[in-house]
Amino acid sequence: MSKPEIEFTPVTDIDYTLCPGDNPLIKERILATDPVGGVATRILRYEPGADSTTLGVQRHDFWEEVYIIEGSFHDLTLDRTFVAGEFACRPPGMPHGPWRTDEGVTTYEVRYHARAED
Numbered sequence: 001m002s003k004p005e006i007e008f009t010p011v012t013d014i015d016y017t018l019c020p021g022d023n024p025l026i027k028e029r030i031l032a033t034d035p036v037g038g039v040a041t042r043i044l045r046y047e048p049g050a051d052s053t054t055l056g057v058q059r060h061d062f063w064e065e066v067y068i069i070e071g072s073f074h075d076l077t078l079d080r081t082f083v084a085g086e087f088a089c090r091p092p093g094m095p096h097g098p099w100r101t102d103e104g105v106t107t108y109e110v111r112y113h114a115r116a117e118d
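Residues 1 to 118 in the UniProt record's numbering are what the sequence shown lists, from first letter to last.
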């Protein structure tokens, strides 16, 4: 299975929903999702003051590419702040986070599984 075919659609027509973990300051807009593989393309929003410490360091079984659209957030493990215009490409298993932001941050993320021959 793969993500569905979608023609240009206003992103603002897609509501933000609470991300797993029940932190009311961390929300996502799921733009496209693979119902079998569980990977998605999304816009992630950390409101000002959001902190994902309770989720701990994250590792995924999929590739994740992240572009920071606006704002900034601080990786508490790396003790580094990342800002708008920066990009990350994380292979499966790469540790990242947890994060905290004072001003808020919005990212665009694409997640996918590697092809069998990779």
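Source of the hints: derived by calculation from the structure; they are not laboratory data.
For every residue, glycine included, the Cβ atom is placed at its ideal position computed from N, Cα and C.
It is possible that part of the hints are untrue.
[Stated by the list, open to error] Distance ranges between label pairs, derived from CB positions:
#  : residue 1 : residue 2 : range
1  : Pro95     : Thr9      : 20 to 26 Å
2  : Gly49     : Ile69     : 16 to 22 Å
3  : Arg59     : Pro10     : 32 to 38 Å
4  : Ser2      : Ala84     : 19 to 25 Å
5  : Pro20     : Phe87     : 20 to 26 Å
6  : Ile6      : Pro95     : 29 to 35 Å
7  : Ser2      : Leu78     : 29 to 35 Å
8  : Val36     : Gly104    : 17 to 23 Å
9  : Pro4      : Thr77     : 16 to 22 Å
10 : Thr9      : Thr54     : 21 to 27 Å
11 : Phe8      : Arg59     : 29 to 35 Å
12 : Glu5      : Val83     : 14 to 20 Å
13 : Leu25     : Arg80     : 30 to 36 Å
Hints, verified against the model:
1. Pro95 - Thr9: 20 to 26 Å: Violated, at about 34 Å.
2. Gly49 - Ile69: 16 to 22 Å: 19 Å, holds
3. Arg59 - Pro10: 32 to 38 Å: Holds: the Cβ-Cβ distance is about 33 Å, inside 32 to 38 Å.
4. Ser2 - Ala84: 19 to 25 Å: 30 Å, violated
5. Pro20 - Phe87: 20 to 26 Å: At 24 Å between Cβs, range holds.
6. Ile6 - Pro95: 29 to 35 Å: 31 Å, holds
7. Ser2 - Leu78: 29 to 35 Å: 33 Å, holds
8. Val36 - Gly104: 17 to 23 Å: 33 Å, violated
9. Pro4 - Thr77: 16 to 22 Å: 35 Å, violated
10. Thr9 - Thr54: 21 to 27 Å: 33 Å, violated
11. Phe8 - Arg59: 29 to 35 Å: 33 Å, holds
12. Glu5 - Val83: 14 to 20 Å: Violated - the Cβ-Cβ distance for Glu5 and Val83, about 34 Å, lies outside 14 to 20 Å.
13. Leu25 - Arg80: 30 to 36 Å: 21 Å Cβ-Cβ, so the 30 to 36 Å window is violated.
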